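Undergrad: From the two separate chains plus the hints, produce the assembled complex.
Protein sequences appear in the order of chains X and H. Numbering of the first sequence is given in the numbering used here, commencing with residue 1 and proceeding in unit increments. Numbering of the second sequence is given in the numbering used here, commencing with residue 1001 and proceeding in unit increments.
FYI, nobody ran anything at the bench for these hints, they're computed from the structure. Please note: incorrect hints may appear among the correct ones.
[Stated by the list, open to error] If we take Cβ atoms under 8 Å as the criterion, some of the chain X residues that face chain H in the derived model are: (1) Ala30; (2) Trp48; (3) Thr55; (4) Thr56; (5) Ala59; (6) Met60; (7) Gly61; (8) Met118; (9) Lys121; (10) Leu122; (11) Val128.
Keep in mind the model is a prediction, meaning the values are calculated, not measured. For every residue, glycine included, the Cβ atom is placed at its ideal position computed from N, Cα and C.
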Amino acid sequence: MTAVAEPAMPAYDAPIAAPAPEVPAHEHEAKPHDILIICYSGELEKTWATMILATTGAAMGAKVRVFLTFWGLQTFVKDQKRITGDNVMQKMMSAMQRPGVSHRKLSKMNFLGMGPWMMGKLAKQYKVASPKELLQLAQEMGVEFMPCQMTMDMFGLKPEDMIEGMGEPVGAATVIALMTEGSAPLFI
Amino acid sequence: MPLEIAQRVDAKGLSCPMPIVKTAQAVKLMVSGQLLEVLATDAGSTKDFAAWCKTTGNELVESSVEGGVYRFVLRRK
Chain X
1 MTAVAEPAMP
11 AYDAPIAAPA
21 PEVPAHEHEA
31 KPHDILIICY
41 SGELEKTWAT
51 MILATTGAAM
61 GAKVRVFLTF
71 WGLQTFVKDQ
81 KRITGDNVMQ
91 KMMSAMQRPG
101 VSHRKLSKMN
111 FLGMGPWMMG
121 KLAKQYKVAS
131 PKELLQLAQE
141 MGVEFMPCQM
151 TMDMFGLKPE
161 DMIEGMGEPV
171 GAATVIALMT
181 EGSAPLFI
Chain H
1001 MPLEIAQRVD
1011 AKGLSCPMPI
1021 VKTAQAVKLM
1031 VSGQLLEVLA
1041 TDAGSTKDFA
1051 AWCKTTGNEL
1061 VESSVEGGVY
1071 RFVLRRK
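Here chain H stands alone, though its shape is the one from the complex (with noise of 0.2 Å):
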């Protein structure tokens, strides 16, 4: 069964922090449980997103990389 996104940020393009922050603000609309999308060019967010997970608590669902954009699936906690 494919993952039910609730939500999509489209980050590509955008540099340090707005990736993590549009995420923030994105997340704190959503209800727990929901997911997010995210795709992203930056370089560093691979590491950004995992250390944002692990910091703010959501969970990292999913984490790849496909021709330069990253995408990222977060459960909000």
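Next comes chain X alone, as it looks inside the complex (with noise of 0.2 Å):
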């Protein structure tokens, strides 16, 4: 029989470790094979892109949520909203550049809307699907929608501005969370 070798003893004055700091707990949590889409940008190739991305990602499986910050939340504005914001800026930027999914432009080539318009005519006839039902395909897919609340409240948007079925506004903490969590992340 051998002799098993008791563990050490730690010193009775040994300094108590201190407890794990506690992570703040966040109700959106991720798994690896999650996907993070921090849908930045409103221009109607990128929109595009972000929307065949989101239902592709369902469509395998996985969990995807799409942040909307900046002018990616712009697209997520109901279509039938004109004018968005409370004061004369925010008015004013939503006039030159009319928020809503059908009403993106071009980052190159739009000529007044002429480019969007070609763009519509050959996905139509390559049945390609639009953002706009590439999008509510996703929500029907459970694709999570997150609009930043920085942005909300820059852009002076309201949540009845919003198209039905967003989530609660949240902050890029949530997002790095999300990241560090093992979402694969894209930035749109």
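TA: Right, dumping it as structure tokens:
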């Protein structure tokens, strides 16, 4: 029989280890294979990319979350809203770039709407689903849309300005937490 | 014995990502072990359906192409 070494006893005056800092709980907890799209841009082509990747991610069984911030949030204002915001500058911003998923402009070759119109024609011809159709599908498939609170405030957007089915507004900390927990991040 | 197809998805003419999206929606309504037949004309679908099956764990039973129409038979996991 061999003697089993006793574990060394800690010295009586050893400092007591500080308890691990408590990780603040947040309702969105990510797992590896989750996808996190940061939808920052409001151009038609980037909106399209966001919607295609979100629906495909959901179709492939991944939990997809889309954080909507800056110009990306404008896409999720109701199509029929013309002017949003409380003060003159916020109202001017919405007047210069009409919000809503159906009013996106191309970053290049916009030509006063000729570009998006041609893109729409081509998409119909080649049976490419429009961003609006893909957005609706994404919502049906459980993609979570998280508006940015700061952008809501800065642009004077109210919850009733936004399309149905948006999640609670969150901040950058939620986004970073989701990334550190293993979501694949995409910045579009 | 021919395979008994429980559900069909006609995604002919549709572009990415609709064939995959429609397939995922159809599979959700099926029970484990049932077979789904998908028809598509999107040239990327051979690779896409293989990737979809690999990621989701559903089985790709058949994958063929005839006259520009891709046919996939999938078994729900």
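Undergrad: Is the hint on Ala59 of chain X kept, meaning its closest Cβ partner in chain H is under 8 Å away?
TA: Hint on Ala59 of chain X: holds, closest Cβ of chain H at ~4 Å, below 8 Å.
Undergrad: Against chain H, run the beta carbon of Val128 of chain X and see if the smallest gap drops under 8 Å.
TA: Interface hint status for Val128 of chain X: holds (4 Å vs cutoff 8 Å).
Undergrad: Should the interface hint for Met118 of chain X be scored as holding, given a Cβ-Cβ cut-off of 8 Å against chain H?
TA: violated, 16 Å
Undergrad: Against chain H, with CB atoms and a cut of 8 Å, does the hint on Thr56 of chain X hold up?
TA: holds, 4 Å
Undergrad: If you take the shortest Cβ to Cβ gap from Ala30 of chain X to chain H, is it below 8 Å?
TA: This hint is violated: Ala30 of chain X lies away from chain H, its Cβ roughly 17 Å from the closest one there, beyond 8 Å.
Undergrad: Given Lys121 of chain X as an interface hint, is its Cβ closer than 8 Å to any Cβ of chain H?
TA: violated, 14 Å
Undergrad: Should the interface hint for Met60 of chain X be scored as holding, given a Cβ-Cβ cut-off of 8 Å against chain H?
TA: holds, 5 Å
Undergrad: Could you check if Gly61 of chain X really has its C-beta closer than 8 Å to a C-beta on chain H?
TA: holds, 5 Å
Undergrad: Mind checking the CB of Trp48 of chain X against every CB in chain H and telling me if the closest is under 8 Å?
TA: violated, 11 Å
Undergrad: Just to be careful: measuring from the Cβ of Leu122 of chain X to every Cβ in chain H, is the smallest value less than 8 Å?
TA: Status violated, d = 10 Å.
Undergrad: So, as I understand it, the hint says Thr55 of chain X touches chain H; can you test that by seeing if any CB pair is closer than 8 Å?
TA: holds, 5 Å
Comparing the model with each numbered hint stated earlier shows that hints 1, 2, 8, 9 and 10 do not hold.
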